[in-house]
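Below are the chains, spelled out letter by letter.
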Amino acid sequence: MNASFVIQSLLNGVLIGGVYSLIAIGLTLVFGVMKIINFAHGSLMMLGMYVCYWSVALLHLNPYLAILIVIPTLFLVGVLIQKFLINSIITAPEHNQLLLTLGVSLFLENLALFLWTPDYRVMSTPYADINFYLGDISISLVRLAAFALAMLGTAVLFVVLTRTDLGKAIRAASEEPDGAVLMGINVRSIYWVSFGIGAACAGVAGAAIAPFFPVYPQVGGLFVITAFVVVVLGGMGNFLGAFAGGIIIGVADSLGAMFLPGSMKSIISFTIFILILLFKPNGLFGGQRG
Amino acid sequence: MVERPKDGHLPRRLSAPAWIVLGLIAAGLHGLPWFFPDLVHTMIMIFLLALMGQGWNVLSGYAGQFSFGHSLFFGLGAYTSSLLFVKAGVSPWIGMGASVAVAVLIGLFIGYLSFRYGLSGPFFALIMLAFAEIFHMIATGWSWCRGAEGILIPLEGNMPSIMQFTEKEPFYFILLWLTAASLFFVWKMEGTRMGLYLQAVREDSEAAEALGVDSLRCKLTAMAISAGMTAMGGTFYAQYLLYIDPDTTFGVVNSVEIMLRPIIGGPGTVLGPLLGSVVLTPLSEITRTAFQAYSGAYLMFYGAILVAVIIFLPDGLMGILKKLAGLARGRRG
Amino acid sequence: MSSPSTLEVAGVTKSFRGLTALSEVSLTVGAGRIVGLIGPNGAGKTTLFNIISGFMKPDAGRITFEGHDLIGLKPHQVCRLGLGRTFQIVKPFGQLTVLENVAVGAFNTTRDTSRAEEESGRILEFVGLDKKALVPAYSLTTPDRKRLEMARALATKPKLLLLDEVMAGLNPTEKDEVIALVQKIRGSGTSILIIEHAMRVIMGLCDHIFVIQYGCGIADGEPKSISCNPSVIEAYLGKKHETAHRR
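Protein chains in written order, with my numbering: chain A, 1 to 290; chain B, 1 to 333; chain C, 1 to 247.
Here chain A stands alone, though its shape is the one from the complex (with noise of 0.2 Å):
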């Protein structure tokens, strides 16, 4: 183990943290806006890796011009799952929100599983051969461009919501259900706007991923426990909170690969997630409690 070993895995550690940024702001917007824990936010971000995989090995289509195809795509589904799924239950106790987010998530998987077999799929692309190097390290340039993308992403997703229309109603509807309504915001559909573009959100940063890593279908099961303690790290609803929390536990995750054999690797992760529930339940920057 030496330094440019230690500096390689930070640096990716930061690269795929970048990633996990923008799943969790995803996460996090639709929990500030409707309180809900969506379980299937993984599952949605496996769709948004598949929809960019067959673009790219069907219509043969560049995989960065693929994640147009993804937005929408992702929108639509986060859309119908809110306004027919969730939307009927919204009076329901807690537990049953999260039961049926759960149930989404295993039909999608599933349907992956049914639908595409459980091959492990590589996209075949020349910019996975690409790599800058600085002195001993290599930077890949399809885990740049994933950073890259995930922080456009996330600054796209900012300026919306800070500078919008639509943007604002988001965040009064989420900090002040009740006055958002006084005030003529339609708060029903925020409501499936926000899960769109959560749903977006997984398939973007799904997508951007997809050049190097493997496609299969209980792919989303791994990033969405990230996701959540993530966002947990960050503290519940809170944007920036989530973007930090990426990042952090972006390094975290390297750092546990250094050292612990390769199907542990989580557990650092783990941990701190149980850490945090415990003595931080509003995360290190603030945020709501569920």
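Calculated directly from the structure, the hints in this document are not laboratory data. Some hints could be false.
Unchecked claim - Cβ pair distances, simulated, as ranges:
id	chain 1	residue 1	chain 2	residue 2	range
1	A	M151	B	E206	43 to 51 Å
2	B	Y117	A	Y120	38 to 46 Å
3	C	P136	A	V160	42 to 50 Å
4	A	D119	B	W144	31 to 39 Å
5	A	L152	B	A101	48 to 56 Å
6	C	G11	B	L327	57 to 65 Å
7	C	E125	B	P11	15 to 23 Å
8	B	F185	A	M151	53 to 61 Å
9	B	R116	A	D178	29 to 37 Å
10	C	D59	A	K35	27 to 35 Å
As the list claims (entries may be wrong) - In silico BS3-like pairs for lysine-lysine, Cα to Cα no more than 27 Å straight-line:
id	chain 1	residue 1	chain 2	residue 2
11	C	K159	C	K184
12	C	K91	B	K322
13	C	K132	C	K175
14	A	K83	A	K168
15	C	K159	C	K57
16	C	K74	A	K280
17	B	K322	C	K131
18	C	K157	C	K57
19	B	K323	C	K132
20	C	K91	B	K188
21	C	K57	A	K280
22	C	K91	C	K157
23	C	K175	C	K131
24	C	K157	C	K175
25	B	K87	B	K168
26	C	K184	C	K132
27	C	K132	C	K91
28	C	K131	C	K184
29	B	K188	C	K157
30	B	K188	B	K322
31	C	K74	C	K157
32	A	K280	A	K35
33	B	K188	C	K131
34	C	K184	C	K91
35	B	K322	C	K132
36	A	K280	A	K265
37	C	K159	C	K74
38	A	K35	C	K91
39	C	K74	C	K91
40	B	K323	C	K131
The beta-carbon is built from N, C-alpha and C at its ideal position, and this holds for glycine as well.
Place chains B and C on chain A using the hints.
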């Protein structure tokens, strides 16, 4: 004068006709292995999952603390007794005691940490999931417990003293009786101090506290009972199938299997887990064979059922039965 | 003639993030008395109840109940000592029957199921809910829910009962019924500390009244003297009285 028709009593009692029906069902179940030997395996699985589902039901249905990680206790149960047997020759009967003890201790640990800090619904569910996954990872990565290749329990012939049988029937009867015992236990518990306290905590823990209910203690008690029951199931599973590995025990799928039965049957009811198991287990066997080529795709069916039940039948099948009974009573009265 | 105090609250202070909810509030409740706690909305009355019953800790002050120090005790421990309370927004155990709801309270003093059932039946008769014993609580009307709230607390056999706005949302007939019930409760030996808005209720019911405004005690005494107290009139009866005079 307080009106007290039979089913309003706190100490639960059954009417004579109900006992007769129960007796008939019991007789039928005892005779089943002779008349329908092909069903024995399915019935064993029905009972096993009903037992563990009842365990989940005590914590999540009655006390209202939803756990998404009960595979933790299932795995702990399976691994504890199996490791004790394979490494130290300890009879699984005693091993089961150890399984229950380990599960209860870990459950109390997690419960204490969570409930003391007032962890609410979804967060507690997630913590259970996280702990189940942690143990999943440990079991997979730690060579001392045979890692991913799992533990194969050597069959040494028909030896009841070490819970090994060459035929299925002994397991059938053991699980039949255990499941019946778990139903009886929960049924009686419902109207007792502990039973009502648990439900009060579920309905409104602040109001319960104001009435003298120590909600922390109640939740921990529920957790202990729940962990123990589920761990017992783990031991029997291990001894029945004679093979366990991290995925088939600690895997998230098992948490779903355990939860789904009481949810479909009716959370917080005595018969819920059994009803759900009777309905779901055969259905899942059928879909599993139908989807044979696509391993795990039957879970798609689980997902759809879960969604449908949550939207249309939040009180489960028992909820429907109760409504029908209420209608019938209304028409008579 | 001074009766021994059951509850003594002395100098209780509580702030939330810089906002002072209660400032040096003191009151006493004597055995077998009905004491009223009144004040405009937001005066801090429910906060005081929450502190007394153990749901919150004060920043300063002392609270003793029959000689026991209450501060730091959890709510269920406070109940065990004999202090019961109701909630302003009623909290029935919806999925349980009326009888089961009350039984939860009854189990405070017994572990025996049959005894708890008997007790609960007795209490339901006392409050007039016996006909609805087997009805699930979620299906009760508002006045019945209030009765259930009181029945549950009564089942714990409290020596002192804190009633938080039990009249809210009731029409005059229903209010009279509840007033009769409260008097019945005192008659059976329980002391009562009651938060109320309706002036005629308080004046008619209470032996002694404490008035707080903006978290501070501004007056206490018998109903007659309170209704003539200028600072109380200004703070609480305020504009209504002035306009009444002007006519």
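Here is what the structure says about each hint:
With their beta carbons about 44 Å apart, M151(A) and E206(B) fall inside the hinted range of 43 to 51 Å. For Y117(B) paired with Y120(A), a C-beta distance near 40 Å keeps the hint of 38 to 46 Å intact. The beta-carbon spacing between P136(C) and V160(A), approximately 47 Å, falls within the hinted interval of 42 to 50 Å. D119(A) and W144(B) have their C-beta atoms about 33 Å apart, which keeps the hinted 31 to 39 Å range intact.
A beta carbon spacing of about 54 Å between L152(A) and A101(B) agrees with the range 48 to 56 Å that was offered as a hint. The supplied range of 57 to 65 Å is met by G11(C) and L327(B), whose beta-carbon atoms lie about 59 Å from each other. A hinted range of 15 to 23 Å holds for the C-beta pair E125(C) and P11(B), which are about 20 Å apart. At about 56 Å, the CB distance of F185(B) to M151(A) agrees with the hint of 53 to 61 Å.
Between R116(B) and D178(A) the beta carbons are some 33 Å apart, a value that agrees with the proposed interval 29 to 37 Å. Separation of D59(C) from K35(A) is about 31 Å and conforms to the stated range, judged on CB atoms against 27 to 35 Å. Only pairs whose Cα atoms come within 27 Å are accepted, and K159(C) paired with K184(C) is accepted, the gap being roughly 14 Å. For the hint linking K91(C) to K322(B), the alpha-carbon distance of about 24 Å falls within 27 Å, and the restraint holds.
Using a Cα cut-off of 27 Å, the hinted pair K132(C) and K175(C) holds, with the two alpha carbons roughly 20 Å apart. A distance of roughly 21 Å separates the Cα atoms of K83(A) and K168(A); the hinted pair therefore holds under the 27 Å criterion. Between K159(C) and K57(C), the direct Cα distance comes to roughly 22 Å. Compliance with the 27 Å bound is thereby established for this hinted pair. The hinted pair formed by K74(C) and K280(A) meets the criterion: a straight-line CA distance of about 22 Å does not exceed 27 Å.
This hinted pair checks out: K322(B) and K131(C) have alpha carbons roughly 21 Å apart, not beyond 27 Å. About 24 Å separates the Cα atoms of K157(C) and K57(C), which keeps this hinted pair within 27 Å; it holds. At roughly 19 Å between alpha-carbon atoms, K323(B) and K132(C) fall within 27 Å of each other, so this suggested pair holds. Restraint check for K91(C) and K188(B): satisfied, since their Cα atoms lie roughly 26 Å apart, inside the 27 Å limit.
In summary, the hint linking K57(C) to K280(A) is supported, as the alpha carbons are separated by about 21 Å, within the 27 Å threshold. As the CA atoms of K91(C) and K157(C) are separated by approximately 19 Å, the hinted pair is consistent with the 27 Å bound. Distance hint between K175(C) and K131(C) is fulfilled; the C-alpha atoms sit about 20 Å from each other, no more than 27 Å. A threshold of 27 Å between alpha carbons decides the hint, and for K157(C) with K175(C) the separation of about 24 Å falls inside it, so the pair holds.
With a C-alpha separation of about 25 Å, the suggested pairing of K87(B) with K168(B) holds against the 27 Å cut-off. Between K184(C) and K132(C) the alpha-carbon distance is near 20 Å, which keeps this suggested pair within the 27 Å criterion. With a C-alpha separation of about 17 Å, the suggested pairing of K132(C) with K91(C) holds against the 27 Å cut-off. About 19 Å separates the Cα atoms of K131(C) and K184(C), which keeps this hinted pair within 27 Å; it holds.
For the suggested pair K188(B) and K157(C), the alpha carbons sit about 26 Å apart, so the restraint of at most 27 Å is met. Among the hinted pairs, K188(B) with K322(B) is consistent with the structure: their alpha-carbon atoms are about 19 Å apart, no more than 27 Å. For the hint linking K74(C) to K157(C), the alpha-carbon distance of about 18 Å falls within 27 Å, and the restraint holds. For the hint pairing K280(A) with K35(A), the CA-to-CA distance comes to about 19 Å; that is within 27 Å, so the pair holds.
Between K188(B) and K131(C) the alpha-carbon distance is near 25 Å, which keeps this suggested pair within the 27 Å criterion. With a C-alpha separation of about 23 Å, the suggested pair K184(C) and K91(C) falls inside the 27 Å cut-off, and the hint holds. Proximity of K322(B) to K132(C) is assessed by CA-CA distance (about 19 Å); at most 27 Å being required, the pair is judged to hold. For the given pair, K280(A) sits about 23 Å from K265(A) by alpha-carbon distance, which is consistent with the 27 Å threshold.
A C-alpha spacing of about 18 Å is found between K159(C) and K74(C), which places the hinted pair at or below 27 Å, so the restraint holds. The hinted pair formed by K35(A) and K91(C) meets the criterion: a straight-line CA distance of about 23 Å does not exceed 27 Å. A C-alpha spacing of about 19 Å is found between K74(C) and K91(C), which places the hinted pair at or below 27 Å, so the restraint holds. Restraint check for K323(B) and K131(C): the C-alpha separation of about 21 Å stays at or below 27 Å, so the hint holds.
Against the hints set out earlier in the document, no violation occurs for any number.
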